[in-house]
Amino acid sequence: MATTLLRPDQTFYPSPRLAAGAPAETIAYLVTFDPTRQQPDGLVTLDVDPKSEAYGKQVGRVDVPNVGDEFHHFGWNVCSSALCPYAAHPHLERRYLLVPGLRSSRIYVFDVKPDPRKPKLVHTIEAQEIAERAGYSRPHTIHCGPDGIYVSALGDPDGDAPGGVFVVDHDTFAVKGRWELDRGPQQLAYDFWWHLGYDTAITSEWGTPNMVENGVNPDILLAGEYGHKIHIWDLPKRRHRQEIDLGKENQMVLELRPAHDPSKAYGFVGVVTSLKDLSASIWTWYLEGDSYKIEKVIEIPAEPADPDLLPPLLKGFKAVPPLVTDINLSLDDRWLYVSAWGTGEFLQYDVGDPFKPRKTGSVHLGGIVRRAAHPSSGPLNGGPQMVELSRDGKRAYLTNSLYQSWDEQFYPDGIKSWATLIHALPEGGLTLDEGFFTTFEQRAHQVHLEGGDASSDSYCYS
Amino acid sequence: MNNVVWPWAALVLLGAYHGVNPGMGWLFAVARGLQEKSRRAVLASLLPIAIGHEASIVTVVIAVSLTEQLVPPFFVRLLAALVLVSFGLYKLARPRSHPSGFGMRVGPAGLTMWSFLMSSAHGAGLMLAPVLLGLPIYAAYHSLNELSVQAAAAASLHVAAMLLVMGVVSVIVYEKVGLGVLRRGWFNLDLGWSLVLIASGAATLFTAI
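These protein sequences, in sequence, are chains Z and G. Position in the first sequence (first residue = 1) + 149 = the working numbering. Position in the second sequence (first residue = 1) + 688 = the working numbering.
Excised from the complex, chain Z in its bound form:
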């Protein structure tokens, strides 16, 4: 199925520094799902070329032939890691988007080459193939790796632990099998990424499908049983090396953003909430000697609120938790972006010193209580959630839905979905793009940009 080129795919860059000079994107892809599971989910194309008349508008949409998939994250078949020296395949073409259904466990493969605005569904990996070959279900994060497509999965086919990672062949899209040879104590799964320069993979923890699919379970949460660890792995040997516990009170350790520079062995991970005071936090992991350590570097406090304005789940706390659900790191490893989905705030930090972040920008949109408006909208619900950053680091694209059953608990009036664009100023600071605000009938989740973005590619050269 895969096709090759005469020269390396021109969207591949050896280093993050070279990738930061890539041309600006003109198309953004995002996935939307139907929360009622009556209509098919879809892959949507947005025109993001400021010179175009349709700037900021939906210009394409492909429906899948099923309902109830719950599109969530997605990724490319191949990317800059194809230039890695030990398993180089630079002439394979970046043209397929792999879109998992987080509820159905299907993975759809779309071809964006014939018409980039109207991708074509060309292949479907069925849940059964993933279950039989890898023993997993609920595929979540997709990363194009040096030697195949890596996919994290929340659990086993019955919805229990362990969750983990499996590999899909980048030529045939066949499920090659479970990635872990020795998983050690790891049971819960969520995100994963790597330090290619250190042959190290990192995985984080949310909960098993049975712990999350019917909504956040207050009993599990208050008992501190959602994920609170990260795991360090030997990437080529596929073995567990180290478990790092952030402490039981730090519930749900989600998005992993390792430094893009492969010669640096540190990264950032967001914690959704603390049982102590409902704050959210960002932690920096780093290599010291032979082992990794972790340190809390940002704490975002909960905001006191009138219980009458809070959903049932939060009334007793009389406060809005910030709920950091997504973070993103610029390709120069200088700026960290943080979505606080509960308080409806989007934050920018200068992380030039990864242990001493400096807050440099903030924009309010939506929020459980605040309901902050965009210049071209009325009050908004949901909040900044999935954030995707352009390779030049100048544009952050935001959407506002988290996960169907959790959306309803925190925003019981039902998420009205939107996507918007925020500009990052060269020396720090954020401004809203007043002309870019799009709403959707369905709920929008992850965004990826034409040719790659700050969360799609990884690099073997610094």
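Treat the hints loosely; a few may be bogus.
[To be verified] Selected chain G positions facing chain Z (in silico; Cβ < 7 Å):
{"#": "1", "residue": "F716"}
{"#": "2", "residue": "A719"}
{"#": "3", "residue": "Q723"}
{"#": "4", "residue": "S726"}
{"#": "5", "residue": "R784"}
{"#": "6", "residue": "S785"}
{"#": "7", "residue": "S788"}
{"#": "8", "residue": "G791"}
{"#": "9", "residue": "G868"}
{"#": "10", "residue": "V869"}
{"#": "11", "residue": "L870"}
{"#": "12", "residue": "R871"}
{"#": "13", "residue": "W874"}
{"#": "14", "residue": "L877"}
[To be verified] A few chain Z residues that don't get close to chain G, going by computed Cβ distances all over 10 Å:
{"#": "15", "residue": "Q159"}
{"#": "16", "residue": "T175"}
{"#": "17", "residue": "K206"}
{"#": "18", "residue": "G217"}
{"#": "19", "residue": "P234"}
{"#": "20", "residue": "P239"}
{"#": "21", "residue": "H289"}
{"#": "22", "residue": "D296"}
{"#": "23", "residue": "D309"}
{"#": "24", "residue": "D320"}
{"#": "25", "residue": "G326"}
{"#": "26", "residue": "P385"}
{"#": "27", "residue": "P411"}
{"#": "28", "residue": "K442"}
{"#": "29", "residue": "E452"}
{"#": "30", "residue": "G584"}
[Said to hold, decoys possible] Below, simulated BS3-like cross-link-like pairs (lysine-lysine); rule was C-alpha separation at most 25 Å, straight line:
{"#": "31", "chain 1": "Z", "residue 1": "K413", "chain 2": "G", "residue 2": "K725"}
{"#": "32", "chain 1": "Z", "residue 1": "K442", "chain 2": "Z", "residue 2": "K543"}
{"#": "33", "chain 1": "Z", "residue 1": "K206", "chain 2": "Z", "residue 2": "K267"}
{"#": "34", "chain 1": "Z", "residue 1": "K413", "chain 2": "G", "residue 2": "K864"}
In case anyone wonders, no lab produced these hints; they're calculated from the structure. Glycine is no exception: its CB is placed at the ideal position from the N, C-alpha and C atoms.
Start from chain Z and add chain G according to the hints.
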């Protein structure tokens, strides 16, 4: 005279080709240099890569030489032709077969093993078979000893050419040009290489008949 020179020239040219091909080694050397921020790391990577390549070549050279000792020339050529054509067809169908289980942090032994597997999967040694068959082995030599000397000389000449080109390219890319050159200059020769393997097989077969 020509009949004596061309196999040696071909060995050198193939060595230079493997030296210039990023996938065969110099890129790995540059990557290690960038990771360690040291030119010494670039240079230190070259020898293990060359040794792995040599080991892969020597395996084929020994196989060819032994076969020549044991089997009539016609069958040697027939066998070489069949292996070349089937391997060429395999590379057409699956051009991206690369060794698994390696990463950026391989030591010298790992790098040697990687290079051995990479060269073997590429068919680097196989490609030398028709050239070796052009060397006047049976005419000039009668003992296995002498034959081994010639085989070792052939493999070493090839690898010396590779090492020289690989060294020059990796230092120039590391010091001057930068890796941006990959995007412009790394041509896809997979198809060409498969076809050359098949054509060499056919030529070897043709000379056999």
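Hints, one by one, checked against the model:
1. F716: Result: holds, 4 Å to nearest chain Z Cβ.
2. A719: holds (5 Å)
3. Q723: holds (5 Å)
4. S726: For S726 of chain G, the interface hint is violated, since the closest Cβ of chain Z sits about 11 Å away, which is over 7 Å.
5. R784: With a minimum Cβ separation of about 5 Å from chain Z (threshold 7 Å), the hint on R784 of chain G holds.
6. S785: Constraint on S785 of chain G not satisfied, violated at 10 Å.
7. S788: Status holds, d = 6 Å.
8. G791: holds (4 Å)
9. G868: holds (6 Å)
10. V869: violated (9 Å)
11. L870: holds (6 Å)
12. R871: holds (5 Å)
13. W874: At about 5 Å, which falls below the 7 Å cut-off, the nearest Cβ of chain Z leaves the hint on W874 of chain G intact, so it holds.
14. L877: violated (9 Å)
15. Q159: The assertion about Q159 of chain Z is violated, with a minimum of 6 Å to chain G.
16. T175: holds (20 Å)
17. K206: holds (32 Å)
18. G217: holds (36 Å)
19. P234: violated (4 Å)
20. P239: Non-interface label fails for P239 of chain Z: nearest chain G Cβ at 6 Å, not farther than 10 Å.
21. H289: holds (24 Å)
22. D296: The assertion about D296 of chain Z is violated, with a minimum of 6 Å to chain G.
23. D309: Nearest chain G Cβ is 30 Å from D309 of chain Z, so the label holds.
24. D320: violated (7 Å)
25. G326: holds (12 Å)
26. P385: violated (4 Å)
27. P411: violated (7 Å)
28. K442: holds (19 Å)
29. E452: Since the minimum Cβ distance to chain G is about 44 Å, E452 of chain Z lies beyond 10 Å and the statement holds.
30. G584: holds (33 Å)
31. Z:K413 x G:K725: Answer holds: K413 of chain Z to K725 of chain G is near 12 Å, not above 25 Å.
32. Z:K442 x Z:K543: Given that 25 Å is the threshold and the Cα spacing comes to 31 Å, the pair is violated.
33. Z:K206 x Z:K267: holds (14 Å)
34. Z:K413 x G:K864: Holds, because 23 Å separates the two Cα atoms, which is no more than 25 Å.
Violated hints for the displayed structure, listed by number in ascending order: 4, 6, 10, 14, 15, 19, 20, 22, 24, 26, 27, 32.
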